[in-house]
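K.L.:
Letter by letter, the chains look like this.
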Amino acid sequence: DAGVTQSPTHLIKTRGQHVTLRCSPISGHKSVSWYQQVLGQGPQFIFQYYEKEERGRGNFPDRFSARQFPNYSSELNVNALLLGDSALYLCASSFGQDNSPLHFGNGTRLTVT
Amino acid sequence: RKEVEQDPGPFNVPEGATVAFNCTYSNSASQSFFWYRQDCRKEPKLLMSVYSSGNEDGRFTAQLNRASQYISLLIRDSKLSDSATYLCVVNPLLSNYQLIWGAGTKLIIKP
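Residue numbers (the numbering used here), protein chains in the order written: chain Z, 1327 to 1439; chain W, 14 to 124.
Since the hints were made in silico from the structure, they are not lab data. Remember, predicted model here, so these are calculated numbers, not experimental data. For each residue, glycine too, the CB sits at the ideal point set by N, CA and C. If a hint is listed, it holds; no wrong ones were tucked in.
Pair by pair, the computed Cβ-Cβ distance ranges are:
| # | chain 1 | residue 1 | chain 2 | residue 2 | range |
| --- | --- | --- | --- | --- | --- |
| 1 | Z | T1335 | W | S62 | 26 to 36 Å |
| 2 | W | D52 | Z | R1393 | 23 to 33 Å |
| 3 | Z | E1377 | W | P23 | 33 to 43 Å |
| 4 | W | E16 | Z | P1387 | 19 to 29 Å |
| 5 | Z | R1393 | W | L93 | 35 to 45 Å |
Let's have the full structure, built from the sequences with the hints guiding it.
P.N.:
If you want it as structure tokens, here you go:
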């Protein structure tokens, strides 16, 4: 069975641009969460979607948005990119809403120049 | 005070030794706890959940101390392949599924 898949794996953007990151959860998993991980820090929670509804939002500006599709895949959008948005963006899926356990994709490494 | 704190390390440990590290959390109402392992430039992977009664999985033992608000991870007979960053994860509230992650403790096992 395929695990959590994310695309693209690497991305280079310039300040002010926008970016869309994609995630496909493990088959049967209905919850998708997005995390931002800056080098040397733990993942920071951005969003959780369950059954296509936003169930949680971390402390990120409105430039960050996401959605979940009927097939449970998800997109993370970031507008007006800043240099500080450079990070590894991780998508995680779980069967239920309680995040037990989380299964992560390989991540998308975003570099903003 | 950070919600979840870990000693960043690195812990340099000879192969075969036993190593332990702790993670403290600030919210006394926290309900569930986990240890994840993250290899360099890879995604985190669940190592083990931490139960109130403590739990063991092979060479790994996790403990929860609610009174002092910390969880611990003990690795016995360490292997070179145990070298990684170990992330402590806390779910602060049942009604909020946002997980809080520590910054991780880096472990280096030396031959």
